[in-house]
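Asks: Residue strings, one per chain:
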Amino acid sequence: MAGVRRRGVGGNPLTDRLDPGAAAGYDTGMIDKFVHSMADAMAGVADGSTILLGGFGDVGIPTALLDGLIVQGARELTIVAVAGGRDGSAIEQLLALGRVRKLICSFVRPASLAGRLLQRGDLDVEIVPQGTLAERMRAAGAGITGFYTPTGADTLLAEGRETREIGGKLCLLEYPLPGDVALIEAWSADRWGNLTYRDSARNLNPVMAMAAGLTIAMTRNVVALGEIAPESVVTPGIFVNRVLHVPL
Amino acid sequence: MEFTPLDRNGMAAWCARDIPEGWLVNLGIGIPTLVADFVPAGREVIFHAENGVIGMGPAPAPHQVNPFLINASTTHVTLRTGGSYVHHADSFAIARGGHLDLCVLGAFEVAENGDIANWARSADEPVKQVGGAMDLAIGAKRLWVVMEHVTRDGQSRIRQRCSYPLTAKGTVKRVYTNLAVLDVEPRGFVVREMIPGMTLEALQARTEAKLHEA
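As you go down the protein sequences, you meet chains Y and L in turn. Position one of the first sequence corresponds to residue 1 (my numbering), numbered consecutively onward. Position one of the second sequence corresponds to residue 1 (my numbering), numbered consecutively onward.
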């Protein structure tokens with residue numbers, strides 16, 4: 001429970017209302033998703049895993065967890081991210097270490113390691129329109145086994161794939177994109193794993209949290225259960241397995 | 001006749017002039033991003049950024065940068081009072097679900113049938129940068145394009161048919177170039193406006209597609 005403020009009898013009545021066990025003086029640490037080391041956070045991430053990696057630009061990227069993944073050593077990874085990473089990014093380090101088998105993303109910068117590997121034919125890349133990428137993960141989290149969208153249906157990306165006309169529009173069949181592991185960045189978290197995000201750092205993080213078998217969040221702030229108002233929880237803790245406190 | 005092609009800001013201002021109050025608008029990367037800077041003060045337009053920002057405001061003063069708040073071009077922006085954040089799937093639901101009154105994109109080429117090409121210069125190009133363009137191009141109620149009229153080596157970007165791989169088919173409604181404003185109608189490109197000093201004849205000489213008078 002380190003990192004989580006514990007309350008007993010006589011705690012904050014406002015938040016104790018939300019955590020009656022604490023108000024009654026019981027040990028309330030039954031559900032505690034906080035892990036206390038990077039090794040614990042990354043435990044069990046297997047070779048060959050599909051890793052959903054949150055963030056857009058430099059915002060909302062769980063950089064510390066990526067560094068942890070590099071140390072942890074899993075190989076043959078499929079990385080799902082909005083982009084192939086700039087030079088100097090943690091994705092570039094994973095690529096440089098030869099740990100990535102496949103990249104699934106919406107664009108790759110020519111002037112990046114991913115771009116150079118792609119041009120040499122040394123990296124398997126699946127380009128997915130950004131909205132389709134997000135929706136495929138949402139579908140994975142929501143149990144939707146496929147959907148049709150006009151996005152990309154009239155383009156090269158549809159070659160050799162199933163299309164059909166719906167409502168007068170050509171549509172492309174897309175399948176869900178589940179992850180074995182999601183690495184996400186949150187702004188605040190409680191011990192149930194309820195999360196909030198800071199400004200546009202929300203981006204893909206909540207969608208990925210729903211779509212992975214093992215969701216590992218890093219959080220900038222730790223708060224007591226009940227401190228995030230219920231109507232302000234963005235990702236309910238049910239979608240989160242482990243939380244590591246990584247202060248700003 | 002003498003004429004001076006518009007610069008990037010001039011094109012952005014031309015486009016901004018025509019965005020009415022109350023519209024929800026997504027601006028693509030490049031010149032379209034500049035459009036927000038030219039909406040007349042006091043006209044309330046709600047700008048959406050694909051990374052989940054609704055009600056995006058102008059760039060902050062250097063000492064007021066919020067490192068957690070960026071736009072689709074990954075540059076720092078502000079949030080207007082009344083603005084909100086959504087996650088990526090909801091953000092693209094806004095785009096794909098027909099909730100945007102307007103999307104403004106840059107492009108390599110636009111064709112007279114409304115086709116747009118803005119993500120790859122050839123089918124064989126290994127490095128592709130689709131980003132959110134395909135979702136935005138099919139989903140908005142209107143798609144406008146802001147781009148230079150011709151390429152650096154003088155090739156017309158206003159085409160009978162696109163020569164580059166398509167981003168979407170038949171969705172462009174209007175094009176703002178550094179020379180003219182063109183509407184895409186069933187008969188093809190219709191010239192709405194030209195820069196001072198430009199003639200229809202001179203414009204046609206720089207345009208591969210057939211131009212129609214309004």
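Treat the hints with caution; some may be incorrect.
Lysine-lysine pairs mimicking DSS-like chemistry, simulated, CA-CA at most 30 Å apart [as the list claims (entries may be wrong)]: (1) Lys102(Y) to Lys173(L); (2) Lys141(L) to Lys169(Y); (3) Lys210(L) to Lys169(L); (4) Lys173(L) to Lys169(Y); (5) Lys210(L) to Lys102(Y); (6) Lys169(L) to Lys33(Y); (7) Lys169(Y) to Lys128(L); (8) Lys128(L) to Lys173(L); (9) Lys169(L) to Lys128(L).
Just so you know, these hints were derived from the structure itself, not from any lab.
Asks: Work down the list of hints and note, for each, if the structure agrees.
Replies: Hint by hint, here is what the structure shows:
1. Lys102(Y) to Lys173(L): Violated: lysine 102(Y) and lysine 173(L) sit about 38 Å apart, past 30 Å.
2. Lys141(L) to Lys169(Y): holds, 15 Å
3. Lys210(L) to Lys169(L): Holds: lysine 210(L) and lysine 169(L) sit about 19 Å apart, inside 30 Å.
4. Lys173(L) to Lys169(Y): holds, 17 Å
5. Lys210(L) to Lys102(Y): With Cα atoms ~45 Å apart, lysine 210(L) and lysine 102(Y) exceed 30 Å; violated.
6. Lys169(L) to Lys33(Y): Violated, because 48 Å separates the two Cα atoms, which is more than 30 Å.
7. Lys169(Y) to Lys128(L): With Cα atoms ~25 Å apart, lysine 169(Y) and lysine 128(L) stay inside 30 Å; holds.
8. Lys128(L) to Lys173(L): Cα-Cα ~25 Å, so holds.
9. Lys169(L) to Lys128(L): holds, 18 Å
The structure shown violates the earlier hints numbered 1, 5 and 6.
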